[in-house]
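Peer 1: Whole structure, please, built from the sequences with the hints as guidance.
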Amino acid sequence: MAPHQVSELVLLSPSFITSSGVRQGCVLAPALFCRATDWIMERVASRTGFSLGNDRFTDLDYADDVVLLAHKMDDIHSALEVFETTASQLGLHV
75 MAPHQVSELV LLSPSFITSS GVRQGCVLAP ALFCRATDWI MERVASRTGF
125 SLGNDRFTDL DYADDVVLLA HKMDDIHSAL EVFETTASQL GLHV
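In this text, residue positions in the sequence shown follow the numbering used here: the first is 75, and each later residue adds one.
Hints listed in this document are in silico derivations from the structure and should not be mistaken for laboratory results.
These numbers come from a predicted model, not from an experiment.
It is possible that some hints are incorrect.
Ranges between beta-carbon positions, derived for each pair [stated by the list, open to error]:
#: 1; residue 1: A105; residue 2: I150; range: 24 to 30 Å
#: 2; residue 1: G127; residue 2: I91; range: 22 to 28 Å
#: 3; residue 1: P104; residue 2: Q163; range: 17 to 23 Å
#: 4; residue 1: F107; residue 2: R130; range: 31 to 37 Å
#: 5; residue 1: G99; residue 2: N128; range: 25 to 31 Å
#: 6; residue 1: Y136; residue 2: I91; range: 26 to 32 Å
#: 7; residue 1: D112; residue 2: P88; range: 21 to 27 Å
#: 8; residue 1: C100; residue 2: F131; range: 31 to 37 Å
#: 9; residue 1: Q163; residue 2: Q98; range: 24 to 30 Å
#: 10; residue 1: V141; residue 2: A105; range: 19 to 25 Å
#: 11; residue 1: G127; residue 2: S87; range: 43 to 49 Å
#: 12; residue 1: D129; residue 2: V156; range: 42 to 48 Å
#: 13; residue 1: G127; residue 2: R97; range: 44 to 50 Å
Quick reminder that beta carbons are idealized off the backbone N, C-alpha and C, glycines included.
Peer 2: Below, the structure is given as structure tokens:
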């Protein structure tokens, strides 16, 4: 099936079926998503981050966005692998 053309600049993919999700307006969904993200980041935090004075910074979280912080690219690569592996345990995919 070819993508449906909406305009010259936007193409839509073919339709697909999802097997999970929540109803729109569900107040529990955001709380569960935040808890799942915190659980994942607890496991990733040991792999990344940097120190500034007596404080250690590993990530920045806002809503459904996460920024991993590190001094070296190798640390980020390792942290992303742990993130993907840990997230997949909850059925999430990056």
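Peer 1: Now tell me, hint by hint, if it's right for this structure.
Peer 2: Hint check results:
1. For A105 paired with I150, a C-beta distance near 28 Å keeps the hint of 24 to 30 Å intact.
2. For the hinted restraint 22 to 28 Å between G127 and I91, the CB-CB distance of approximately 51 Å leaves it violated.
3. Judged by the Cβ atoms, the range 17 to 23 Å given for P104 and Q163 holds: they are separated by roughly 20 Å.
4. Between F107 and R130, the C-beta spacing of about 25 Å breaks the proposed range 31 to 37 Å.
5. The hinted window of 25 to 31 Å between G99 and N128 is violated, with their beta carbons roughly 43 Å apart.
6. Judged by the Cβ atoms, the range 26 to 32 Å given for Y136 and I91 holds: they are separated by roughly 31 Å.
7. At about 35 Å, the beta-carbon gap between D112 and P88 misses the expected band of 21 to 27 Å.
8. Distance hint check for C100 and F131: the Cβ-Cβ separation is about 32 Å, which falls inside the suggested range of 31 to 37 Å.
9. Between Q163 and Q98 the Cβ separation comes to about 26 Å, which falls inside the hinted range of 24 to 30 Å.
10. Between V141 and A105 the beta carbon distance is about 22 Å. The supplied range of 19 to 25 Å therefore holds.
11. For the pair G127 and S87, the supplied restraint of 43 to 49 Å holds, since their beta-carbon distance comes to about 48 Å.
12. Roughly 22 Å separates the CB atoms of D129 and V156, a value that falls outside the hinted 42 to 48 Å.
13. Between G127 and R97 the C-beta distance comes to about 46 Å, which sits within the given range of 44 to 50 Å.
Of the numbered hints stated above, those contradicted by the structure are hints 2, 4, 5, 7 and 12, listed in ascending order.
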